[in-house]
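Based on these hints, arrange chain B on the given structure of chain A.
Each chain is listed here by its residues.
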Amino acid sequence: MIERTPWLDRLCHAMLILGIAAVCLPLYYALIAATHTLQDVLQVPMPLTPGGELWNNLKTVTSNGTLGRQLTNSLIVSVGVTVGKISVSILSAFAITYFRFPFRMTAFWLIFATLMLPIEVRIVPTFAVAAHPLQPLAWLLETTGTGGAFEWLTGWSVEAVVKWSLLDSYAGLILPLTASATATFLFRQLFLTIPEELLEAAKIDGASPMRFLVDVLWPMSRTNVVALAVILFVFSWNQYLWPLLITTDPAMATAVIGLAKQISGAPEAVPKWNLLMSSALLITLPPVMVVIVLQRWFVKGLVDSEK
Amino acid sequence: MIKRVNFERHRWLAFLLLAPQMLILTVFVFWPAAQALMQAFMISDPFGVKSTFVWFDNFEAILSSPEYLNSIWRTAIFSTGTTAAAVLGGLLFAVLVARVRRGKTAYKLLVIWPYAVAPVLAGILWLFLFHPIYGAIALMLKQGFGIAWNPLLNGNDAMLLVIVAASWKQVSYNFVFFLAALQGIPRSLIEAAAIDGAGPVRRFVSIIFPLISPTTFFLLVINVVYAFFDTFGIIHALTHGGPSGATDILVYKVYADGFLGLDLGLSSAQSVILMIVVIALTVVQFRYLERRVKYAA
Chain A
1 MIERTPWLDR
11 LCHAMLILGI
21 AAVCLPLYYA
31 LIAATHTLQD
41 VLQVPMPLTP
51 GGELWNNLKT
61 VTSNGTLGRQ
71 LTNSLIVSVG
81 VTVGKISVSI
91 LSAFAITYFR
101 FPFRMTAFWL
111 IFATLMLPIE
121 VRIVPTFAVA
131 AHPLQPLAWL
141 LETTGTGGAF
151 EWLTGWSVEA
161 VVKWSLLDSY
171 AGLILPLTAS
181 ATATFLFRQL
191 FLTIPEELLE
201 AAKIDGASPM
211 RFLVDVLWPM
221 SRTNVVALAV
231 ILFVFSWNQY
241 LWPLLITTDP
251 AMATAVIGLA
261 KQISGAPEAV
271 PKWNLLMSSA
281 LLITLPPVMV
291 VIVLQRWFVK
301 GLVDSEK
Chain B
1 MIKRVNFERH
11 RWLAFLLLAP
21 QMLILTVFVF
31 WPAAQALMQA
41 FMISDPFGVK
51 STFVWFDNFE
61 AILSSPEYLN
71 SIWRTAIFST
81 GTTAAAVLGG
91 LLFAVLVARV
101 RRGKTAYKLL
111 VIWPYAVAPV
121 LAGILWLFLF
131 HPIYGAIALM
141 LKQGFGIAWN
151 PLLNGNDAML
161 LVIVAASWKQ
171 VSYNFVFFLA
181 ALQGIPRSLI
191 EAAAIDGAGP
201 VRRFVSIIFP
211 LISPTTFFLL
221 VINVVYAFFD
231 TFGIIHALTH
241 GGPSGATDIL
251 VYKVYADGFL
261 GLDLGLSSAQ
271 SVILMIVVIA
281 LTVVQFRYLE
291 RRVKYAA
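Read top to bottom, the protein sequences are chains A and B.
Per this note's numbering, the first sequence starts with residue 1, numbered consecutively.
Per this note's numbering, the second sequence starts with residue 1, numbered consecutively.
By construction, these hints were calculated from the structure, which means they are not laboratory data.
Model, not experiment: these values are computed from the prediction.
Even glycine gets a Cβ: it sits at the ideal position worked out from N, Cα and C.
Capping the alpha-carbon separation at 30 angstroms, the derived lysine-lysine pairs in BS3-like fashion look like this: (1) A/59 to A/261; (2) A/261 to A/163; (3) A/300 to B/3; (4) A/272 to B/142; (5) A/59 to A/272; (6) B/108 to A/300; (7) A/261 to A/272; (8) B/3 to A/203; (9) A/300 to B/104.
A partial selection of chain B residues facing chain A, derived with a Cβ cut-off under 8 angstroms: (10) 2; (11) 22; (12) 97; (13) 116; (14) 121; (15) 176.
So here's chain B without its partners, still in its complex pose:
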């Protein structure tokens, strides 16, 4: 879309205005992305001197390696767990805050602040609570319930720790959106239902929840994107993908294979697979946006 009234006689200025954005995009986004695409179909020798074109060999190698399949599986568990916990947590807080009358502002503030904490720091804060030797919660579990909690040795414990840390931070984000959605519901609808004799629970199930379902769907997509891409710091600082690959999610594996394993071909093939995932998620998100426009109309 363009303005009906516009500057027709300033072409050169338009190019000048676009130049900074285009320059940065070309150098730091398109050029590297094109290289990733190219290298995904090549094998380079360890010194990076010679590369040979090998068609889909890298993809075949990566998709048949048990480590990569493990990584896909771990990513699925991690993103499902994080998304479910964060969306449910955000919804619960939003419903409660929307309902109470006193202390609303204080409650809001106390739920929102974790958004400002870096994912890595969130991870470190939770590690401190769950550390097998001096973590307060870990000790409580051990002495109170006899559970020998150890995220440094046990894969499931490690997975739970990173899920808790990742979703804790995202609850505030979901809370903001759910609260906005709840406050956007016309009061007349709720009042009409109350007059018809529907209690608070019934009103939530039959009226409120269906009305905020577009927000819920949108948040599901956003949270999956978050769990896939923005949680690298938590994994990198806390578990390094371990113990024995238990938290080796896809984004961490691209990094590990590229920078620690120095295998450009395999790492690039993984990059391309991740690009396909992002494109799919973006398409889903925009299909949803179209639908939301229809809701409003």
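For reference, chain A alone in the conformation it holds in the complex:
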């Protein structure tokens, strides 16, 4: 403390409390709506204190199993994207910092260029690729006339190859999101700060490259991995555009998509706000808990990944 300013301090606290009240207002109202019956919620004015219907509302929203299924989907997708992104980028960062090979810089710049191609600017063609990822193979087989040989070799018909699609599958939800320039750079920066002597020592001891990665680099990156994992988990849990396009079957939708569809489905009818808000609370709980419990890692990950 530099000087004693009791009044200013009190003003600061007052402003903080006011500001935080404004920030938490939507959550508070969601909580109120989730703890009342629909009639109570639609009263004018709405009740200002939580009621006792939370348990019943939660039971109603989870009764038909769709929400549970969608929450499981969200969990699978978030863990898949997080693990996928981290492993894919740690491997490529290892390759471009510790190996000398032709096209090393080309690979680096190619990864860098993807920063400028977020999924939002290439929505339609990316969707087309995911709908028929093997189209080029089928085209190749047809033009070269090797379709028959292919069918004989693999037992798959050319039509099956064309029809095979990533829509409504976990692979389709996860794979397109697993490449990451940011994570690759993060690990590259980290590896560049690791002393050269470590590799010299490892080489003298006769360690292979993979041995060095697993026994030296991995333990040294662990804190960064945790911090990054927190950010990536929240990021993938909250994904919207891609899961919206790639899933049509409610049983394959993520929880966020499932809830959003209920809102925009029927604009004229009165939404069942008490149930919507109960689901909203359930869906928001996992990422919020991750951020609150792992707050220190979260802040580190946020600051790290923007360098």
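This is chain B only, laid out in the frame that chain A set:
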């Protein structure tokens, strides 16, 4: 950059290590981006059987259509509003939290949590407060001040609603960065200014704010990127670009023209325009990074 000591004799392994990343990038990023680039210069018939090369016709069509110009204008309002509200909010919270001594951890936690809420859910939570018929705030506005608030019919009300929802979520992000920047300022500077008789306000204006200006600039860029690209969910779930195009931001329009309008050429031309925007923003961001290195030196 490469390590001075490296594995020279394992070329094949290096390619193997890079393979997963490159495979995913080629299939899901470069190939689609190349297709978007190609289709931007073509017109396909409605069945997707035949496409003709038409040079810049799609760009001409899109840049002269009043809907697209409206969309640019709406995006400008939306991103300016969101960025301004989120950066100012984050700065205010950071300054206050950096100043108080008691309850710091609790305050921090209460400001940070909205970051974890999906943009769509943020939109739904705010819609519930602002809904014209049963929203608590909307009713208060109507009964207390006689303002007939209706984001479902009135374009300005809808715009305000999506700005509030989008910036609410981003305040926590900016708060984290501003707080880190404020805590990085050497205390000796602040103390020296206090000894010279500068009060808290004067110290903020003449010392603290200039010192955190690199962070501010960085956050402005990040927030514009956020408002341009990451807010699709809010628009899609709440307004569908309406009422009558009032919240029809560029990212939503690419989606709507491509998937609902099924016009590949026009949608791809818009994709290319958005790519140019992202490239420009990335360049600005990296120029800034270079400058920050100089600050540190």
